[in-house]
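Here the protein sequences come in this chain order: A and B. 457 is the number that UniProt numbering gives the last residue of the first sequence; the numbers go up by one with no jumps. 293 is the number that UniProt numbering gives the last residue of the second sequence; the numbers go up by one with no jumps.
Read the hints as simulated data drawn from the structure, not as lab findings. In this text, a Cβ means the ideal position worked out from N, Cα and C, and glycines have one as well. One thing to keep in mind: the hints can contain errors.
[Claimed, not checked] Heads up, simulated DSSO-like pairs for lysine-lysine below, C-alpha to C-alpha not over 30 angstroms straight-line:
#1 B:78 to A:278
#2 B:146 to A:91
#3 B:63 to A:216
#4 A:266 to A:216
#5 B:146 to A:157
#6 B:63 to A:129
#7 A:271 to A:228
[What the hints assert, rightly or not] Facing chain B, from chain A, some residues (calculated, C-beta under 8 angstroms):
#8 252
#9 254
#10 291
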Amino acid sequence: MSTATAGGAATPGRAPSVPPAETRDRKKKKSVLGTRPWLAAVFLLPALALLGALVVYPICYSVYRSFFDASGNGFVGLDNYQEMFSDDATKTAIKNNIIWLILAPTVSTALGLIFAVLTERIRWATAFKLIVFMPMAISMLAAGIIFRLVYEQDPDKGVANAMWVSVHDSFTESPPFPGAHPRPDAGLTESSGGAYTTEATAKPGSPASIPLVAAKRDDIGGAQTAKKAAPEAGKVTGTVWFDFTRGGRGGRGVIDKGEKAMADLKIEAVKDGRVVAKTTTAADGTFALPATADGAQLRLPAWNFSEPYNGVDWLGPSLVTPAIIGSYVWIWAGFAMVLIAAGLAGVPRELLEAARMDGASEWQVFRRITVPLLAPVLSVVVVTLMINVMKIFDLVYIIAPGPSQDDANVLALQLFQSSFGTNVNQGLGSAIAVLLLLLVLPVMFLNIRRIRRESRR
Amino acid sequence: MTSADTVVSAKQSLVARIAARAGGGVARVALVLIGLFWLMPTAGLLLSSLRDPADVDISGWWKVFSDPGQLTFSGYDKLLSNQQITDSLWTTLAITLPATLLVVVIGALAGYAFAWMDFPGRDWWFLLVVGLLVVPVQVALVPVAKLFGEVGIFQTTTGVVLFHTAFGLPFAIFLLRNFFAEIPRELLEAARLDGAGELRLFLRVVMPLGGPAIASLGIFQFLWVWNDMLVALIFADSGNPPITVALQQQVRQFGNNIDILGPGAFVSMVIPLAVFFAFQRQFVAGVMAGAVK
Chain A
1 MSTATAGGAA
11 TPGRAPSVPP
21 AETRDRKKKK
31 SVLGTRPWLA
41 AVFLLPALAL
51 LGALVVYPIC
61 YSVYRSFFDA
71 SGNGFVGLDN
81 YQEMFSDDAT
91 KTAIKNNIIW
101 LILAPTVSTA
111 LGLIFAVLTE
121 RIRWATAFKL
131 IVFMPMAISM
141 LAAGIIFRLV
151 YEQDPDKGVA
161 NAMWVSVHDS
171 FTESPPFPGA
181 HPRPDAGLTE
191 SSGGAYTTEA
201 TAKPGSPASI
211 PLVAAKRDDI
221 GGAQTAKKAA
231 PEAGKVTGTV
241 WFDFTRGGRG
251 GRGVIDKGEK
261 AMADLKIEAV
271 KDGRVVAKTT
281 TAADGTFALP
291 ATADGAQLRL
301 PAWNFSEPYN
311 GVDWLGPSLV
321 TPAIIGSYVW
331 IWAGFAMVLI
341 AAGLAGVPRE
351 LLEAARMDGA
361 SEWQVFRRIT
371 VPLLAPVLSV
381 VVVTLMINVM
391 KIFDLVYIIA
401 PGPSQDDANV
411 LALQLFQSSF
421 GTNVNQGLGS
431 AIAVLLLLLV
441 LPVMFLNIRR
451 IRRESRR
Chain B
1 MTSADTVVSA
11 KQSLVARIAA
21 RAGGGVARVA
31 LVLIGLFWLM
41 PTAGLLLSSL
51 RDPADVDISG
61 WWKVFSDPGQ
71 LTFSGYDKLL
81 SNQQITDSLW
91 TTLAITLPAT
101 LLVVVIGALA
111 GYAFAWMDFP
121 GRDWWFLLVV
131 GLLVVPVQVA
141 LVPVAKLFGE
151 VGIFQTTTGV
161 VLFHTAFGLP
171 FAIFLLRNFF
181 AEIPRELLEA
191 ARLDGAGELR
201 LFLRVVMPLG
211 GPAIASLGIF
221 QFLWVWNDML
231 VALIFADSGN
241 PPITVALQQQ
251 VRQFGNNIDI
261 LGPGAFVSMV
271 IPLAVFFAFQ
281 RQFVAGVMAG
291 AVK
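Only chain B is shown next, with the shape it has when bound in the complex (with noise of 0.2 angstroms):
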């Protein structure tokens, strides 16, 4: 602000706030617009699954606007009757469940023993699992393929579950760390006076009072590894894969597969649009905070 932006008259400023008032009303239309323009690519492919691929084929999903009676649920009747499908669904159930849970008990534990436990050497360890933060996944997909090889878990759902558990782990202990450095020392004090020992303070002091960023970690995690593709393409079973890899099968002939295509992304859309439209808030914590990864 320079002196002379401070003189200013009563006119002047009738002025600025007409225009502020009809800059609000652009604001508005302007919002309307982006909207429906960021919603246009979701509906596109919601209304193309949802005509007959004889019909995709030839004309936009706009048409649907003026011929209703193109709409027809027999492309999820297709996919749903799809064995590799809906096998594949239970694939990406039977990565997530184990990879979620493994990575929040896991990082918990260590999260605790960071935040209230003493042993030689603990900054420094934290510092390290800090530096792991922003490691690329890329970094460890030749040598955990061999690792896994030599193990003989090379293209199963377990190996899947340990590479999303350990890349997964920097972040929660990161997480959970900070949040439950917050814990008043009052708390785990009065525990411990009433002779709980260190499990028992974890699990009946630490864990409750640390839900909210471990429902935050839960959701930000779940939704990870339910979309990841590139893991899966590699560490996944080629023949038994989640649903990112099976649809990228389909991938390489893409008009003729749009059958298929279009109804099966927007099933696996479905589960993480219901958790994300169920927890947003606990959701964009966990991005807010995950803003490192």
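In isolation and in its complexed conformation, chain A is listed as follows (with noise of 0.2 angstroms):
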């Protein structure tokens, strides 16, 4: 676990465990020339000045301007960081905050670490392994932008929901007439939540006529021209139809001949409240309901004329987060699968095809070799992908729309808002700041650790 700090790739095209060779055999490195200590200083000067000014004071000032409030002259101890803790707008941005910190580097990983397993025997994974890391090369901008049309809530525009709409309605009836009803004058009453049932009692023999008009023109379309219920006996029947005739001709309440039949509505039978039978119209409209029916009710429930199953509100409160991690797992499940593959490289095949060769699963190589030899390398992607999530900003400004941001708000957010948006509060900012420092910190030790331990051997 010693070895698995976030600084484990120093050179580049190397497995990232893989310290550096060389440096481990040489002590101290002399310099070639004695140098004068004056011209390391001029070497070094641009670098410590500009990290001097613009990495190190700041931090300094960060601290200092934290325990200060808004205007920066009243000193107010460690009020800014009770605020933060208080405040609602920053509660929801830690929140937030801490479910990006365990979805987002855990989904990433695990899914840059299938692609790695699954690309390594395949000679043209080189293809797949591109379009998968290409998401790295863009900017968290255009990814936004990209993810902004994937998740449009229209299922005729948004990608998602056109593909969740799809696989919904393939396992779920969808409503055969949204807006469609009684004419006003047939009898029925509409109750409560959009259903409609009749006043009449039904009889077996005298076939019911439930003629209904605001059908949708699409929705129609297609339909048979609808027939008249024959009386059955020891049945109650009836016909549902679209009582509209073009040009105004047509009887009201009556069949016309070429008048279109409603198939698939539900009707119920209610007595006393109670539902005592149901069935779905035929394709001329026609139904039948079992002797059970006799004096009850006949009830149109309100799902038939429902509006269709519209999607999921993805970018609205309660999905924006997980839906903007998505768009995150999309980007960095590439960087976790080029590490990952890298790290696969050095497993020794040996090792692999003797477990074969002993009748282990694929499964059990995965589970008992491959992944334990991995460890270093997946805690370096997952420390690392902590790191950024922290500082996670791009993504929640450009994707969360107006009225859902403030339930994506996450620190990096709220950091900006508070020191340059409306209602600006530097101290809090700067306290904000602070906080993410805190939190890399552990991580800044791990490295300096590390390096400390490479240069003394």
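Relying on the hints, combine the two individually framed chains into one complex.
Take a look at the structure:
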């Protein structure tokens, strides 16, 4: 575990867990020139000046500034830190950051691991790797625009909902006639929730007529013509049809020649508030209920007329954070895959072959040999992604639409808003900055410790 | 492996082999499907950017497959005749090139000093640089904005360049020092015996030998700066912002501005993607070494 620090990859092109071999066997390097120290200072000056002025000094100033109020003049001690954990916006940000921190690195790493293993022995896998790694090269802004489009609410526009709705509709029926309703004078009353119930009770032998109007043309287009239901002994029968003839020539409540049937409607027979029988209208609009429906009222449940399933509100308050995490995974799974694939190349092949010869299944080889050997690489990837996720800003700022931005809030976004947005309080902004710094401090120490150990060898 | 696992009949291993073969087929199919799935978001934006805004407004990009006549370059025409957008591309370039060059030069100087020069506290200074690797840029936003304001370079291209250079340096120094340190000592001593001075040694021996690391660093930093939005949002001239900020300003009315955002996002991706495909190896090396950033 001690090798599993985030700074594992020291040299380009190498597996991240392998320290540079040459630095180990050398004690302290002496200059070949016996340089005068002032020359070294010249070489270092630009770097140290920039780092000092724009990195080190700002850290100190942020810590100092975090103890002062919004105006910068009043010393408030730890009040900003207290506010950070009591202010609603910041509390949401902390909560979301925790969700990010748990979900994003693990999902990205798990997918990266799966991809790396899947591609291992396939020659054309390079194309696959390029595709999955490509999002790493584009800006978070472009990725954000891409995913705004993916997550469009309208299933006719957003591909996420288009796919989701088609999956959903293949498992559940969709309502046959959204927006339709009975003719107002047809003797049906609307109950709360949009169901319609006949005022008269049904009798076997006298078929019921239920004329509907206001169906959408697309829904009625291909329907058969309606047929008057035949009376049947011991059964309640009837017809539901679209009581509309072009030009208004047709009679109201009468099945005129050529008027269309309304199929697949649900019909319930209700007695004393209980459903005693139910059926669905046939292609010609007729239905038949058993004798138990004798004396019952016929009800058309609201479902018949409800709007079709419109998909998930991806960018609404409850799903916005997981949805944005999805776009993050799209970007960073490729990073995980490449690092893990490099680690995988270093796993001794004989070890895997030996296990296979001994009859271990592929799953056992993966679980018992590959994953344990990859543990150092996996932790480098997870730690790197965790550092990265703590600072997540662009994706949230771009993808979360105005109304859900508060629900999608994260620390870096809150810091930006507190420092430069509306309602500025740079004291609070600085406190958040210090919190971010504190969160990466453990990794900073791990890095330093690893480098020190290497240079002492 | 338990000892029970090692006792296995020939029949079982045959079954295992057939299963493995079938598994290979499944893996291939899965890869194709996942690949298409991964490509879909980008393809969606590309196809949307090639459709008329009126079409985008009523149907999804996949309608293009049943009606290829919808494809048009008018969105790109409109975008590239938009002065604000073309100006912002130049601004991006004016930020990215100096910020990349400065990081490489200043980082190489310091990396060389840390690798091959003697000065008091060398290791401690280097550890400080290593410590700065993971400092989030967010810590510096407020203080540097104030500092730049006092110096008079707040919301100027110079300011953005300096900020990116400073935050690129820890990684640059770390990467280049480690690479330079592996240059064989004999090479440097030979050059020294030929009478080369420190500067000559740096320019003629160390820099050329450091080529691969410098390429990785340069590409990594180039893409980093090109793709940045946060730093530019605060420190760039809001009247003449880089492309990321120019597009961000349009995102508020996402639905209405898709005719700018679609082609705009793609134009902003062209250079990074070209760099990525041309220098994959160096980019991957840079990303792997930069796992700490």
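Hint by hint, here is what the structure shows:
For the suggested pair residue 78 (chain B) and residue 278 (chain A), the alpha carbons sit about 59 angstroms apart, so the restraint of at most 30 angstroms is broken. For a cut-off of 30 angstroms, the pair hint linking residue 146 (chain B) to residue 91 (chain A) stands: about 27 angstroms separates their Cα positions. Taking the CA atoms of residue 63 (chain B) and residue 216 (chain A), the gap is about 23 angstroms. The hint holds against a cut of 30 angstroms. A distance of roughly 18 angstroms separates the Cα atoms of residue 266 (chain A) and residue 216 (chain A); the hinted pair therefore holds under the 30 angstroms criterion.
Of the supplied pair hints, the one linking residue 146 (chain B) and residue 157 (chain A) is violated, its CA atoms being roughly 44 angstroms apart against a limit of 30 angstroms. With a CA separation close to 28 angstroms, the supplied pair residue 63 (chain B) and residue 129 (chain A) stays within the 30 angstroms bound. A C-alpha spacing of about 25 angstroms is found between residue 271 (chain A) and residue 228 (chain A), which places the hinted pair at or below 30 angstroms, so the restraint holds. Evaluation of the residue 252 (chain A) hint against chain B yields a violated restraint, the C-beta minimum of about 36 angstroms exceeding 8 angstroms.
Interface hint at residue 254 (chain A): violated, since its Cβ lies 39 angstroms from the closest Cβ of chain B, which is beyond the 8 angstroms cut-off. Checking residue 291 (chain A) against chain B: minimum C-beta separation of about 50 angstroms lies over 8 angstroms; hint violated.
In summary, the structure is inconsistent with hints 1, 5, 8, 9 and 10 from the numbered list given earlier, while agreeing with the others.
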